[in-house]
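Asks: Spelled out from the first residue to the last, the chains are:
Protein chains: 2
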Amino acid sequence: MMAIKAGEQGWGVGPVRHGTMRDRNLALVLDQIVRHQRITRARLAEMTGFTKTTVSNLLAVLVDAGLVREGGILYEGERRGRPGTAVSVHGAGAAGLGLEINVDYLAACVVDLARRVRYRHVVAADHRGRPPEAVVESLARLAEEALGSASHQGLSVAGATVALPGLLDRERGFLRRAPNLGWSDVPVQKLLQEGLPELRLAVEYDNEANLAALGELWFGAGAQLGDFVHVSGEIGIGAGIVVGGNVFRGAHGFAGELGHIVVEPGGARCGCGARGCLEQMAGQEAILRAAGLDAVAVTSAASAGGSIAALVDRLAKGDDRARSAVRRAGKALGATLAAVVNLFDPDAIVLGGIFSPLAPWAKPSIEKALAKGAGTLRDVLPPLVVSELAGGAAVLGAAGSVASRVTADPALLLEE
Amino acid sequence: MMAIKAGEQGWGVGPVRHGTMRDRNLALVLDQIVRHQRITRARLAEMTGFTKTTVSNLLAVLVDAGLVREGGILYEGERRGRPGTAVSVHGAGAAGLGLEINVDYLAACVVDLARRVRYRHVVAADHRGRPPEAVVESLARLAEEALGSASHQGLSVAGATVALPGLLDRERGFLRRAPNLGWSDVPVQKLLQEGLPELRLAVEYDNEANLAALGELWFGAGAQLGDFVHVSGEIGIGAGIVVGGNVFRGAHGFAGELGHIVVEPGGARCGCGARGCLEQMAGQEAILRAAGLDAVAVTSAASAGGSIAALVDRLAKGDDRARSAVRRAGKALGATLAAVVNLFDPDAIVLGGIFSPLAPWAKPSIEKALAKGAGTLRDVLPPLVVSELAGGAAVLGAAGSVASRVTADPALLLEE
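These protein sequences, in sequence, are chains A and B.
Just so it is clear: in the first sequence, position 276 is 276 by our numbering, and no numbers are missing.
Just so it is clear: in the second sequence, position 54 is 54 by our numbering, and no numbers are missing.
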């Protein structure tokens, strides 16, 4: 095999991803079908550069695998008057199960191959200090319910991805640290493999901030934004950095730890060991405390997000203490985002998680602190876009990444 | 043409870089020759997957173009006893001219296709407030001298790259802002094209921090480091971020503006419009001022780096004021690098520019502040590697990038 280093100005010859040429070609054809939703064979041949015979042979494999189906007549645009048989993704062919363990809730959702959301469920629960085994057991029950609903809808769930709030060592299969859960060195791959229902594809897992950014890319505003940084604020604060449609992960997969950037040297001690981290100023608990809301009591009394709903209620009523708490958090977040802009130079910043419902009150102070910290080097600063997915982005990204795995390599589902 | 989006887990089908298949294959063969320095045809066929006939045809083109030459017998390793004729890069075939405009000096160097340094020259000069046209005129004289020396050595210089200390809009061909030079919206592409001696390839230019990182990658410690962040401290402070052997540039090419991260909110006003930027605490002038050395006087009296040499002299003699100035700068830099580690998660950090000669005194305080700011999330922090290239990295990177352009697409030199 060749071992060619990527050149400075381009990606050079990339890594070989697919076992055989046929596997790669199946992926190219399926990718076009997913993009177009409905497309004719003639147009598929045009888009991929394959002959019509090759397209037909590849389609036959995809139809056999249940991933694609044919039917209906399609007129392709005005300039191409000739009708053809439509090829489309078989929604029920392969669905993805997204799961999420977060500090104060669990979530599950099912997304089909056309990335339509078919099921969603969120359960509030305080996981701080609970053993990982017990939490995975609760997650398994949520997964069973989701699979039951999928099966009821005639969906074939191919695999699952789990979103986790911590630093992951995916090479060793360990969660290295989740300061807000109080977890360290958890053999998370083994726990998930053994604890969750078995599916055709092996269970995968990823950092919740990364998956939230992908959720925004696939189900939210992300596709229009170019390179963006997605801020996922929950009890912890993380950033998912999307560059060229991919998540930027760093050398060890620990990139985007926005919440542990120090904004107040010598400030409050953080679970990460440092002092004055952004999380201590702008994380959910810090904001609720400053606003005079007892976080734990509200969380356990209501559904996930209940405490934020209570805060939003006070904000809407003009409560001074609540407003000043949110302004203070916004100022700290904006100052940190100035560093993000100086280092990453994104096209846009997405305010996700709790910063989405808090945006009407937080955004002005975030913008002001960002502008102050970024100076006048740039003609324009990246816009702050408010996520419509809020806290739901990570579990959507998790489910979507299963669909993505299948689209990128449909041969994964042909083995049986 | 296909328009395939890169998949989440891989690079998918990359952009087509070369005009024809032959052009691409020429690049693959030349790349292998550059990597191996000396290699046989048989091994070239093995490494590229081409037949020996194809290899011979491609070699004939490269030899004709003067980029490659054959000669001498090579025994390829112990297991392959059979000798073959060696193919190697023709050092004189195509050289690159590197040029640099910085705040208080100009530099030029020539590097051959095998990335051997054949010429270097640095001239101290204070460019603050001088018109860009006049500075480019001085640079042209330096370039002429470099080309004279190259020609004297029998080298054919194919192109030039210029390192510039500012934010570049390479699409429009403008230098957007160079706060330390006091330049804004300079039509730098036009100025350089018209002002510099004409070569076979068009003149290119890049941010000095990016080129310093590439200089470190190609001529310094970088090749061993994986993904790294190179800190180039001069009057301004920048970072070049190397990910997978490429410079990370951001959405508009403005990534890595380390010097304008705020470390002391409300601190000294910076040329960028913000207050308390890292440059105001750890830039060359800030350190010299704090150390009691009058920056401008020393600079104009001595060669570039003369003021830093004077500082090093005082540090070596145990001067308290100098030592505390450097410790203070190190603390600010270390705190900023903690944010870099949290966001980028690099394998290593390289201390370049003035931080290289200052490292014996600055490194302990940089390390301490980095550890304090980064907390205990990670098992190990990226090591701080001291650059041996110091301030010379950017101009080396500039010259090397010409060699890189030729290696990535030798067909560029076949047109004539």
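What the hints contain is simulated information worked out from the structure, not anything from laboratory work.
Given the structure is predicted, the values throughout are model-derived calculations rather than measurements.
Errors might be hidden in some of the hints.
The list cannot tell twin chains apart, which means a pair is met if one copy fits it or any two copies do.
Mimicking EDC-like on lysine to aspartate or glutamate, the simulated pairs with C-alpha atoms at most 20 Å apart in a straight line are [stated by the list, open to error]: (1) K52 with E133; (2) K317 with E137; (3) K190 with E133; (4) K372 with D319; (5) K363 with D169; (6) K190 with D64; (7) K372 with E46; (8) K190 with E46; (9) K317 with E46; (10) K372 with E144; (11) K372 with E264; (12) K363 with E145; (13) K363 with D320; (14) K190 with D294; (15) K363 with E198; (16) K363 with E133; (17) K368 with D23; (18) K363 with D319; (19) K52 with E367; (20) K363 with D23; (21) K317 with D169; (22) K372 with D320.
Asks: Against the earlier hints, flag every one the structure doesn't satisfy and list their numbers going up.
Replies: Hints 1, 2, 4, 5, 6, 7, 8, 9, 10, 12, 14, 15, 16, 17, 19, 20, 21, 22 contradicted; others consistent.
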